[in-house]
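**Student:** Take these sequences, add in the hints, and give me the full structure.
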Amino acid sequence: MKHKFKEKENRYWKPRELIVIGTFAALIKISTMLIALAGGGMNPVTMVLKNVVATALLIVLVYKVRKFGVLTLFVLICSIISMLLMGGNFVTLPGMLVAGLICDCLIMISGGYKAAWALVAGVGLFDFLSRAISLGYSYLMFREEPKLFIIGMVVVIIGYTGCIIGLGSGIFLVKEFRHAGIIRE
Amino acid sequence: MRVLSGNDLTKYSTGLRCRLDARTKMVICLAASVAVIPLKGIIPLSILLLASTIYALFHIRIRIIFVCWSAVLLMGATALLCLKIMTVFWPEIGKVDIFIFFVPFFRVAVLVNVILPLALSSHIQDILTSLKSFCLPLFIYLPGVVMVRFIPSFINDIKLISESLKIRGYRINPVAFSLHPIRTTRLLFVPMVVRALRASDELSVAAELKGIGYAGEMTFYRTNKFSYPDYIAGVTAILLLFASFLFEYKDAILS
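Line order of the protein sequences matches chains A and B. The numbers in the working numbering rise by one with no breaks, and the one at position 28 of the first sequence is 28. In the working numbering, each residue's number is its place in the second sequence (first place is 1) plus 1000.
In short, the hints are calculated from the structure, not lab data. Certain hints may be false.
Below 30 Å or equal to it, Euclidean Cα-Cα: the simulated DSS-like pairs (lysine-lysine) are [as the list claims (entries may be wrong)]:
| hint | chain 1 | residue 1 | chain 2 | residue 2 |
| --- | --- | --- | --- | --- |
| 1 | A | K147 | B | K1084 |
| 2 | A | K14 | B | K1132 |
| 3 | A | K175 | A | K14 |
| 4 | B | K1225 | B | K1132 |
| 5 | B | K1210 | B | K1132 |
| 6 | A | K14 | A | K114 |
| 7 | B | K1250 | A | K147 |
| 8 | A | K67 | B | K1210 |
| 9 | A | K114 | A | K175 |
| 10 | A | K175 | A | K67 |
| 11 | A | K14 | B | K1250 |
| 12 | B | K1132 | A | K147 |
| 13 | A | K67 | A | K114 |
| 14 | B | K1250 | B | K1040 |
| 15 | A | K67 | A | K14 |
| 16 | B | K1159 | A | K175 |
| 17 | B | K1132 | A | K67 |
| 18 | B | K1225 | B | K1210 |
| 19 | B | K1040 | B | K1084 |
From chain A, some residues computed to sit far from chain B (all C-beta separations above 12 Å) [claimed, not checked]:
| hint | residue |
| --- | --- |
| 20 | I102 |
| 21 | M108 |
| 22 | Y113 |
| 23 | K114 |
| 24 | A118 |
Here the structure is a predicted model, which means the values were calculated and not measured. In this text, a Cβ means the ideal position worked out from N, Cα and C, and glycines have one as well.
**Tutor:** What follows is the structure, encoded as structure tokens:
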């Protein structure tokens, strides 16, 4: 029995890290939805703002859980729960998983999870790839009327500027949390 | 212990509304989201739209369906308006075939119809049980459960933060977000993040104290079983999808 417990202690993902990933996945989902609803839908300010918040939170997450596969696991959890609770799309899941894996590899190659700029680069690329996949899916949905796709593309580009701002504000947020003792590493 | 507690006998609803298992709704959702991509004819999409509307009416109130359809129509109208504005700067794109223009919205409407029953008529406990029944590994199951459990409590937290902001004289609305975006986000976002981080810390300590991740097999609080309505819904969904694909590719099949 003791041997069995010892074996389970060597798990790659610790329950503490898994709980942090789950909490952040919920927080990102709720806060972006709240900002979109409170801003009244097609409001360009809130389109930027919700992406700022989502990216900043993602930066905080990768700072809190510095392990290979954190982005992939985050995408997987978000997609599964979106499917179960909010009817998210099943079709984009494989692409998103690949995007998460590519970004985890990028972080690993470009300095590892201890290097701040590698984390920022990984999250930046992840935001870009996830938007590219969503645009690809929307092209499939709106292929009869490509003009609608152009409108969608404009909306996504506006949103992506928010992601770029979010990368900077995420670092700022991490500094504040570190000062407050919430992030210890 | 599970047998003694008799939780397998618990029924949430005897009406048709909650009869379908969450897993059946998920499979229908998956099938619809994959099927609408290759379909582009009006007849096959109309078949799916009609069937999905009936399916949605069985599960949720008609008022909610109307609200969601209004949102889809509003989306279409906004897209049309944006297109008209773009025509001013780029006249070549102004020619719109209204019939083709609304085909993508048929797809969106089908997806809305299959998504709503899953999202609005499934209990959280049912979803948790479904997650367990998929025998997912702990690294997927644990964050998933945390996320599902936290979403309602975060919504509650937001309500509390919003109330406290009202008392302090701040209002959270589209005007406040447009005129003072940074201030409004800071007021709403920072307390929420701090609360979430504290909650995750407390939950992690509780999980470690309870030995989650170190114990042996988990026992289920409640198990879900497929019933006749699940099988009927599954077979009907397969037949309808088959019929739509038959209409879509009938020329290719006949030739």
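**Student:** Are the hints correct? Go through all of them and say.
**Tutor:** Now for the hints, and whether the structure bears them out:
no.	hint	in the structure
1	A:K147 / B:K1084	holds (11 Å)
2	A:K14 / B:K1132	holds (19 Å)
3	A:K175 / A:K14	holds (25 Å)
4	B:K1225 / B:K1132	holds (13 Å)
5	B:K1210 / B:K1132	holds (19 Å)
6	A:K14 / A:K114	holds (18 Å)
7	B:K1250 / A:K147	holds (29 Å)
8	A:K67 / B:K1210	holds (24 Å)
9	A:K114 / A:K175	holds (15 Å)
10	A:K175 / A:K67	holds (20 Å)
11	A:K14 / B:K1250	violated (54 Å)
12	B:K1132 / A:K147	violated (43 Å)
13	A:K67 / A:K114	holds (9 Å)
14	B:K1250 / B:K1040	holds (13 Å)
15	A:K67 / A:K14	holds (11 Å)
16	B:K1159 / A:K175	holds (28 Å)
17	B:K1132 / A:K67	holds (25 Å)
18	B:K1225 / B:K1210	holds (29 Å)
19	B:K1040 / B:K1084	holds (24 Å)
20	I102	holds (20 Å)
21	M108	holds (18 Å)
22	Y113	holds (17 Å)
23	K114	holds (21 Å)
24	A118	holds (23 Å)
In summary, the numbered hints that this structure violates are 11 and 12.
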